[in-house]
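What follows is each chain in one-letter form.
Number of protein chains: 2
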Amino acid sequence: MNYDAVTELALSRGFYFPSCEIYADAQAGFWEYGPLGVALKNRYVELWRRELVRRDGMLEIDGSQIMSRSVFVASGHLESFNDPVVRCTKCSSVHRADRLVGEVLNTIVPERMADGELGALILKHGIRCPKCGGELGSVSRFNMMFKVSVGADGSDAYLRPETCQSIFVDFARLFKIMRCKLPVAIAQVGKSFRNEIAPRQSLMRLREFYQAEIEVFCNPRRLDAIDRFDEVRDVMLRVQDGDTLHEVSAEQAIRKGIVPNRLVAYYLALLSEFYSKTGIDMSRSRFRRLAEDEKAFYATVAYDFEVHTSLGWVELVACNYRSDHDLKGHMLLSKENMEVMDVEDGNSKVLPHVFELSMGIERSIYCILEHSLQEDRENDRLVLRLRPYLAPVQVGILPIVKKDDVEAKALEVFRMLRKEFDVFYDDSGSIGRRYRRLDEIGTPYAITIDRQTLEDGTVTIRERDSMNQVRVRIESLRDELAGRLRPP
Amino acid sequence: MNYDAVTELALSRGFYFPSCEIYADAQAGFWEYGPLGVALKNRYVELWRRELVRRDGMLEIDGSQIMSRSVFVASGHLESFNDPVVRCTKCSSVHRADRLVGEVLNTIVPERMADGELGALILKHGIRCPKCGGELGSVSRFNMMFKVSVGADGSDAYLRPETCQSIFVDFARLFKIMRCKLPVAIAQVGKSFRNEIAPRQSLMRLREFYQAEIEVFCNPRRLDAIDRFDEVRDVMLRVQDGDTLHEVSAEQAIRKGIVPNRLVAYYLALLSEFYSKTGIDMSRSRFRRLAEDEKAFYATVAYDFEVHTSLGWVELVACNYRSDHDLKGHMLLSKENMEVMDVEDGNSKVLPHVFELSMGIERSIYCILEHSLQEDRENDRLVLRLRPYLAPVQVGILPIVKKDDVEAKALEVFRMLRKEFDVFYDDSGSIGRRYRRLDEIGTPYAITIDRQTLEDGTVTIRERDSMNQVRVRIESLRDELAGRLRPP
Chain A
191 MNYDAVTELA LSRGFYFPSC EIYADAQAGF WEYGPLGVAL KNRYVELWRR
241 ELVRRDGMLE IDGSQIMSRS VFVASGHLES FNDPVVRCTK CSSVHRADRL
291 VGEVLNTIVP ERMADGELGA LILKHGIRCP KCGGELGSVS RFNMMFKVSV
341 GADGSDAYLR PETCQSIFVD FARLFKIMRC KLPVAIAQVG KSFRNEIAPR
391 QSLMRLREFY QAEIEVFCNP RRLDAIDRFD EVRDVMLRVQ DGDTLHEVSA
441 EQAIRKGIVP NRLVAYYLAL LSEFYSKTGI DMSRSRFRRL AEDEKAFYAT
491 VAYDFEVHTS LGWVELVACN YRSDHDLKGH MLLSKENMEV MDVEDGNSKV
541 LPHVFELSMG IERSIYCILE HSLQEDREND RLVLRLRPYL APVQVGILPI
591 VKKDDVEAKA LEVFRMLRKE FDVFYDDSGS IGRRYRRLDE IGTPYAITID
641 RQTLEDGTVT IRERDSMNQV RVRIESLRDE LAGRLRPP
Chain B
191 MNYDAVTELA LSRGFYFPSC EIYADAQAGF WEYGPLGVAL KNRYVELWRR
241 ELVRRDGMLE IDGSQIMSRS VFVASGHLES FNDPVVRCTK CSSVHRADRL
291 VGEVLNTIVP ERMADGELGA LILKHGIRCP KCGGELGSVS RFNMMFKVSV
341 GADGSDAYLR PETCQSIFVD FARLFKIMRC KLPVAIAQVG KSFRNEIAPR
391 QSLMRLREFY QAEIEVFCNP RRLDAIDRFD EVRDVMLRVQ DGDTLHEVSA
441 EQAIRKGIVP NRLVAYYLAL LSEFYSKTGI DMSRSRFRRL AEDEKAFYAT
491 VAYDFEVHTS LGWVELVACN YRSDHDLKGH MLLSKENMEV MDVEDGNSKV
541 LPHVFELSMG IERSIYCILE HSLQEDREND RLVLRLRPYL APVQVGILPI
591 VKKDDVEAKA LEVFRMLRKE FDVFYDDSGS IGRRYRRLDE IGTPYAITID
641 RQTLEDGTVT IRERDSMNQV RVRIESLRDE LAGRLRPP
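Those sequence lines, one after another, are chains A and B.
All letters in the first sequence, in the order written, are residues 191 to 678 by the numbering used here.
All letters in the second sequence, in the order written, are residues 191 to 678 by the numbering used here.
Next up, chain A with everything else stripped away, as it sits in the complex (with noise of 0.2 Å):
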């Protein structure tokens, strides 16, 4: 299925859709999860927990999305978080002057390209404004964080555009009073800010957005000294370098040289192995290694977990080794010393370096969504085939007929399980047309009520795939929904 299928799908039945959508001055790249979304969103993020955060120990906190300004300073986004834009001399639009080079030319341009570079484009190929087509301006830079004044005397703060700030900064405190040893990861979710030129594609790119950042603090001299790499050594990885996809176990891609150390093979394949129980097909993914010219400013090794959708390759997680970049940034600015103490290097002294795995959560949700919704024609029904634990309703309750009696009991099966699942109650239209409206929606189990219920205090469980049902006893349905809906 497509991108127009599953944004039809998201607005109708309240996955997402635009916010402040009542007003003219509503912006664009600012939208909200509806009741299933956040549902979804919210076990995705627990699965996210699980398979990373808790499997490998993770530290993880909730930092304040307001930052001071010194904080920006030292990591470089103050002076360095910017895009080109051209302004039209005529009507005043301003534009993303690289998208629309490579828009005209048809063809990527580097993320680094310098403005002179583009302003020469722009004036060999006679590009003008795409609005009006009145003559551009010159190349310039716009700062894309969003600029707030604190308190009665307006101290300037920003809303941090990435999560991982707040770990940067809070790094030696952490440390400390966690009783930290390196390696050690730090984690968090939480919303980050960009002030976009060209907010587009619903979830694609927003101005307002979820990240889940992980950022693993350690001995640049150790990046092979990593016991728990023997849990991943024979997970698959697909990546691809240039024009080589390779696709290899952890261990053969150390040996064969496709990534550089085991520290980063580990969470590579976590990452993998993660993203392998989200249901997103993983014939459709790799992990892409950027070119030169492609990485952020401060990243010497980079690579971009891409998953394939009706868009294109969609970058959902970049993992870059930032190197010392953000520490060494702050210790400088701040005097606060983030050198900590290496037992397992003679109790040396490091300044530990990072690698960073950045994960956008309204990119991941999009590609679940487009990868598990299937039209099943043989059916004839929509159905969204999600995994039965990110699923947003759990569990529909539907009496088959609408008598009293048959109703009663529906209800108080809904009522016995109302606060543990997220059980959805349904008694209006045919049976056939209530299953549709949960197949739609990614419910992977209905129970339906009916007479036999009341007879021998049976229900049946219909599953979403298979269509299957089964009769089971009412005292056993709290468990067997238990262990269905547990991931493996």
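Keep in mind the hints are simulated off the structure, nothing from the lab.
It should be emphasised that the depicted structure is a prediction, and the values quoted were computed from it without experimental measurement.
Treat the hints with care, as some may be off.
Copies of one chain are not kept apart here, so a pair can be met inside one copy or by any two copies together.
Said to hold, decoys possible - Calculated lysine-lysine pairs in the DSS-like style (CA-CA distance at most 30 Å, straight line):
| # | residue 1 | residue 2 |
| --- | --- | --- |
| 1 | Lys592 | Lys371 |
| 2 | Lys592 | Lys366 |
| 3 | Lys518 | Lys485 |
| 4 | Lys599 | Lys371 |
| 5 | Lys381 | Lys337 |
| 6 | Lys366 | Lys518 |
| 7 | Lys321 | Lys337 |
| 8 | Lys599 | Lys467 |
| 9 | Lys366 | Lys593 |
| 10 | Lys592 | Lys539 |
| 11 | Lys518 | Lys371 |
| 12 | Lys467 | Lys609 |
| 13 | Lys371 | Lys593 |
| 14 | Lys609 | Lys366 |
| 15 | Lys371 | Lys609 |
| 16 | Lys366 | Lys381 |
| 17 | Lys485 | Lys314 |
| 18 | Lys366 | Lys599 |
| 19 | Lys485 | Lys446 |
| 20 | Lys593 | Lys609 |
| 21 | Lys381 | Lys609 |
| 22 | Lys518 | Lys539 |
| 23 | Lys539 | Lys525 |
| 24 | Lys280 | Lys321 |
| 25 | Lys599 | Lys609 |
| 26 | Lys485 | Lys337 |
Based on the hints, put chain B in the right spot on chain A.
Frame of chain A, contents of chain B only:
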């Protein structure tokens, strides 16, 4: 235990700590959740979902934090969400006028006192700058919203000062696509932002904070027609009205006119049942009915759910009957029709009224910590008696001796449990010290692995509060723990 003891625990063990603390330009009123705080907050929110959202069949959304200017024109925040301030004519420091007057005169200044009146009191009593003793200027208004500028053209937008505005703005779409019937509650957990003049007492008054808000949309003609009331008829409520504390059942509260209708009584009862499961000592709580001059500008009837702590009474939830203030405002400005059909009321068109439960999450977390932290002198320990289902670290795993085979077995148990539970492995220090460390952060269960484990495959579970120990088989550990960690 008091505020200082809780703060000391929070800082030293990683529940929460100030944001950007390594920088001189760190702003007051911004705090971060450390690893233990994140887990406690998440479990708290999960309990809120269970006992309020799922129990009542509410819809939950997650909206943008940056919202368009029109939203706050319609809501009245642009005009009315401001604090009275005075600036010192000598040192230029800015103070909340009402609080300053209140503190100097040792009295409670009503929230709605006019600027002129405040100015007159300052003059009459010769109140001067608390910082430098200088003369104060006249009283003016300071809007508490944070403004941001969106897009290349810099459209005004604001960080929401309360989460509920997303719910109102989205109401018409949600009611339609989710096939709602009145009354229906829509809930949201998320960040809100207020540019407080004087943030204080760590989590008590923040500039960036989590709210869990519930907006109940209802037909004002049918406030007593709510079937679900039967479920809570006997729930006891503590309602403070003027000088009188009423301890009555929900049903009596209505009969005696202490609460105006069944809808309000039902939701106060749900809230009360929820908090009784958080471990807050309900005998130190009350719903305080607000006097006319204390209520927010949009409320017609209002109760504050308050809890008594070492800081005095703390407001955790504002329960406001907002009437049609919000929907009407948005309908007038946006021209979007917010009226809906009420099938139970002869299919008449209704502009719903709203009863709101607006919960501060940080304050709730603080009260839970203060009410749970105890000095157990008899056993010479500090113990955080959190309900097991709220504890951040659920299980400690402690090899009782430093022996290779015992440690290997302990690690095996650790690996078996780590994905499902929040588990902490600790092999350093005496077993007594390790128990103390777990007690202090509220870990309800400690599993010890010893020589006998190697022989018969059993471990001991030590219970935090009673300090009792039971032996169980490793195979049944997972079920044993899951059962003990399930909310009642």
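Inset, instruction - Give me the numbers of the hints this structure contradicts, sorted from smallest to largest. - result: none
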